[in-house]
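So the protein lines, in turn, are chains R and F. For what it's worth, this note's numbering labels the leading residue of the first sequence as 3, then goes sequentially. For what it's worth, this note's numbering labels the leading residue of the second sequence as 1367, then goes sequentially.
Treat the hints as calculated values from the structure; they're not laboratory data. We put the CB at the ideal spot given by N, CA and C, even for glycine. Incorrect hints may appear among the rest.
Claimed, not checked - A short list of chain R residues far from chain F (calculated; beta carbon distances all over 12 angstroms):
1) Leu-49
2) Lys-128
3) Leu-134
4) Asp-143
5) Ser-206
6) His-213
7) Arg-215
8) Glu-248
9) Phe-288
10) Arg-297
11) Ala-309
12) Gly-310
13) Gly-354
What the hints assert, rightly or not - Quick list of simulated restraints, FRET-style, between CB atoms:
14) F:Trp-2106 - R:Ser-61: 55 to 61 angstroms
15) F:Met-2026 - R:Val-96: 53 to 59 angstroms
16) R:Ala-136 - F:Arg-2058: 57 to 63 angstroms
17) R:His-56 - F:Asn-1456: 58 to 64 angstroms
18) R:Trp-6 - F:Trp-1384: 49 to 55 angstroms
19) F:Ser-2084 - R:Ser-61: 51 to 57 angstroms
20) F:Arg-1429 - R:Val-96: 42 to 48 angstroms
21) R:Thr-103 - F:Arg-1425: 31 to 37 angstroms
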Amino acid sequence: MFLWPTTRGWVICLSAVAWIMVAMVNHALFALILGWACTALAIVSLLCACFSLHGIQVSRAAGGDAVCGQLLNLPLRIVNTKWRRRQPIVVQEVLPFAWETRTSFVLPPMRGHTEVHLEREVLPVKRGEYKLNAVILRGGDPAGLFCRRRKIRLPMTIVVYPQLEDIPDLRLPQDDSFLTSTGAPEAISGSSQDFYGIREYLPSDGMRNIHWRSSARCRKLMVKEFERTSMMSVVIFLDAYKEYVERKGGRNLERLISRAASIFVCCTEQYCSVAFASGGSKPVVFKPKSANEMRGELMYHLATMAAGDVKLGPMIDELSPFISPGATVFCLRLNHQDKEVNTAIASMTNMGIDVRLM
Amino acid sequence: MNTVQPRKMEELDRISWWLHLSYLCLFEAGVVSGMWQKVNSNLCFLLLFLGPVLMLLSRIPMRYFPSMVRQLLQLVLVGLGLAWFQQRANDCPLDIALIECSGVIAVALFLGGRVRELGMQALLDIAFAGYGGLTPGRQIYFPAFFATCIFYVIIMYQTRTSVFASMGRTVQGRMPRFWGNWIYRILHFVLVLGVGVFCLVRFPIRDRMRSKGLAPVSFHSDQDMEFPELWKSWFSSTKKMISRSEEEQAVDGNENPNTASDDAKDMMKKSSLNSKDAREGEGSSPSLGTDLVFRAYTPAKLYWVVQMYDTYNGREWTRSNIMTQGRCALDYYKPAVMHEVTQNISMEKMVSRHLPYAYKASQIQFRDPNRSTGRANFGIVTRGDAVTFVLKSHGRTEPPWHYRVQSFVPDVNLKPEIRAWNEPERNYGWNYRVLPTRRISKRVKELAARITEGLDDPRAKADALRDYLRNNYEYDLTVRSIPEGRETVDYFLFESKRGYCQHFAQALVVLARLSGLHARLVTGYSPGKFNVMANFFEVYEYHAHAWAQIFVPPFGWMTYDGVPPADSNLSGKQNIITSMLDPFGDKWNATPPELSFTPPKKPEPKQTGDIKSSDGKETPASESQQVAEELYDTIYEKAAMDNNTMEPTAEQLARAAGGMLKEKLMEWKGQLMERVKARLHSWKEAFMARWRNVLDWFKVRLWWILGSVTALHVILISLWFNRLRLYRLVGHLATRYRCWRLWKRISAGQLEGRSCISACQKLNNELLALAGFHVRPSRDLLEKGELFPKEASSLRDDYRIVAQAAFDLWYSPHEPSESVRSQVLEATIRFREHLREIGQMAQ
């Protein structure tokens, strides 16, 4: 805990000293009155400030991870354990990922023995994994002459995922899709009669395939899955070679990461198998798997990946054997003139793979 | 749990109306307290007008009034302020010019509309109030200063949260509710007031030490000695500008004419100061007005001398040539040690050409004319005679005038010198001792001899005579004039025994002369009223006074006032209130005013060995100096012994000192431990003795205590096992009491209308509970009536009447009529009677 005068506190304290000295030597009644008034104000404010934050408990309420560009709620649970009312308290925290790194929120006056849930909305602008350390409470006397600061350690890890873009022209080819009588594709949950298993409901699934008993048991909607299930195949290549990254902020890399994340999220909303490979600080390869199964892992990687020495070309070569002929490849590259990447793209194109360059 | 949502930032960036108004009020109050009647009046009014205008301009949204335009306007205003300063610095004191420039800058800060700029402006406003406090004598100052403090405190309370939050960057979150904060603010304010008053009471201004101080008024300009003439005609230039008319200065309160008017010359001719009728005097205030005559800035509280009289013929007092020509040695007597007292006097109303001064004046200097108005007031101060000063001027001279008087008062510590010879009585100040022996009665002479019997010292005699008059005679302004043919002093001392200052002064002079003292009659003004805030004396017409001057060696002529001082505190002690109202205290009532002056303390010279005074003589060193020298000698000896040398080095001396210090510390530690042990031992002994006493006490009363405890246990156990019965009994008694009270109020007719019906319903319920008629709470009001047994049909009916009326009362908007009320009352009476009968029958 820490107690220090504010600017106006310094002014009052120095005024008190000055006016008392003037009164002692110049013997003027007014100077004495002003000097003692300032002194009294300073003393009472100091005493009030000493007890301003006593008995306040702060803890983090349930929150979640964040996405760049979307407001994040970091709620706090604040409890006044004493019987007396509280003056407004300022809650400050250093949030490196937010637009304003040092945010301040004002907690309204609290009654005695009450609990308040303070909703703090911030705008994350930087992706990554961050460790939040402490929350700072600032309070003091009613006149604002002395500020009491209390640091409460509330460690928390938060992952800020890349910003998602709206990609309206993203159309994924569907392999062996069967049209229903209504004309909507049924490629999502297949049309085979061989019962394969139960899986979780996706928004694009038909209602008639819902398995109600398992849904009641699992307490979430489950659909039947048949053997011959048509599945789209998507491959994402992401270049993060540091030589190609812009020096100021690496905005080109961030754009690509954002796009990759957007594509992937779009895939998760449809029944897709996704493969991923990227360079950067470390080689990362995700072999083809259902998008939903690899969602957490891939999004975490996209949130935390950084530029590095690993080039994209070798990653493409490593993943190439797992690319099916009907897959759609999204190649997010930083440099159009990268020969290795161009060679790999050409060979994939020759194999009839749909390669889309971004 | 409450959930709090933050507000958007742009909503919070705007300053609230309430806060903005607070800043505006602070600015206005600061300008009034610091600039009113001090700076240029046109500028002051302009600033007061611009404040609200610029504040309203700053409320215009940014998209209509961009910040660049605001800053440009601010720069223009600041430039104007600097230009004003440059021009004014040549014409007026530097501080005035600075304050005026600061005022222009302060009003420009309104335009920004930002909290930070308003905060800077608040600091400037406080500075204005502080500057105004250096000359706070203006009437408007105190209310304006008080308002400044109040608004500043309000602003501090309102901006508290933003001060804490501004230590980050943004401020987000809902602003706290207004009312929820004020409890703490009020408590804080009350505490501040309490602590402030406590400090003022505990540490007031003590002994007066007149000095320049750290912050003399006006940056060492002449304004600290001048009186603010601006106060009187400050508004005249603005008023003239607005009304386009010449401002007539009302100098006088229309009580009496002054020298500025044509009537003054006639009045001056009539009132001659060369002689004074012994029967009449100017000490009666009903004959004088209440106008302010002059203001005096002086470090000492002294009487103001206008005229002196030394010759008494039994009918009137006149002035001898010896005195007027200064031929008496007593008139130019100088004590061995004197202190200079400089007085700056501003005559506001001239009642005569004689200028008041504090005795003994050596020089009077007429001061510079008023520079700001450019008027030329020429005046020459001349000696009317050896003891008076007269103002001579060409043409009409209008007040106020300023003149400076240099007077000298004797040092209070003077001791009478023993002379080898006694001056002959007759030729030494005989004019101050002669009396008309035939006119002075024998009893007056006997009285003088009796009062001063056994006293040789002139001061003792003078004190005795003065105290005798104070203690035995009454001050009365309404006495009749002395009868024709009677001698004034004799009549006053033995017949009337009441009078005013004239009588007291004459009596004191006559008695002093009869006692062998040199004495004379002086007329002028009493010290006047001390304006504690402005630090000067204000002398009004009703302060005109007469007193005696008695020559007391070795001091010289001393003021002796025989008039009993009202509410005087002769002990000299003062409380905080009186010391604040009159810091000079009442010491001058007990001692002559000339001896109650404490000069400023001079800085003490550096002490190196023995102290040498200014005349080169050595004086013995103080006690602390001797102790220091002894200690040094001891250390030196030890160092010399330890190192076996006659001239130990500094290092050796330091080691010796360290060793001595260590020994001393060990010794102190030992003493301390001994004392602590002794204290602990004594505590232990006392505790053991007390414990033994307690044990003895218990031993003596053991059986009685055991018996009492046992009985108490038995009682408690029986009470515990019967607690339900007791509870029911208490409840029953409480219900009975309630019924009794309700019945008393109902029967006494104390209740009306609604309250009567409610009380009747309540009484019925209580009576039913007393009778043991319990109903489940789920039954409503009217259902209870159905539960009565068939035999008690009358009870049921009566109950229903009351219950229905209560039902209608509680659930309908109509007021019950008088008939309903009376029905309810009757039903209640019957109900009560029936229940009582049933209860008696049951018994």
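Checked hints:
no.: 1; hint: Leu-49; verdict: 8 angstroms, violated
no.: 2; hint: Lys-128; verdict: 17 angstroms, holds
no.: 3; hint: Leu-134; verdict: 15 angstroms, holds
no.: 4; hint: Asp-143; verdict: 7 angstroms, violated
no.: 5; hint: Ser-206; verdict: 35 angstroms, holds
no.: 6; hint: His-213; verdict: 39 angstroms, holds
no.: 7; hint: Arg-215; verdict: 39 angstroms, holds
no.: 8; hint: Glu-248; verdict: 27 angstroms, holds
no.: 9; hint: Phe-288; verdict: 39 angstroms, holds
no.: 10; hint: Arg-297; verdict: 31 angstroms, holds
no.: 11; hint: Ala-309; verdict: 29 angstroms, holds
no.: 12; hint: Gly-310; verdict: 33 angstroms, holds
no.: 13; hint: Gly-354; verdict: 54 angstroms, holds
no.: 14; hint: F:Trp-2106 - R:Ser-61: 55 to 61 angstroms; verdict: 57 angstroms, holds
no.: 15; hint: F:Met-2026 - R:Val-96: 53 to 59 angstroms; verdict: 57 angstroms, holds
no.: 16; hint: R:Ala-136 - F:Arg-2058: 57 to 63 angstroms; verdict: 59 angstroms, holds
no.: 17; hint: R:His-56 - F:Asn-1456: 58 to 64 angstroms; verdict: 59 angstroms, holds
no.: 18; hint: R:Trp-6 - F:Trp-1384: 49 to 55 angstroms; verdict: 29 angstroms, violated
no.: 19; hint: F:Ser-2084 - R:Ser-61: 51 to 57 angstroms; verdict: 53 angstroms, holds
no.: 20; hint: F:Arg-1429 - R:Val-96: 42 to 48 angstroms; verdict: 33 angstroms, violated
no.: 21; hint: R:Thr-103 - F:Arg-1425: 31 to 37 angstroms; verdict: 32 angstroms, holds
Comparing the model with each earlier hint shows violations of hints 1, 4, 18 and 20; every other hint is respected.
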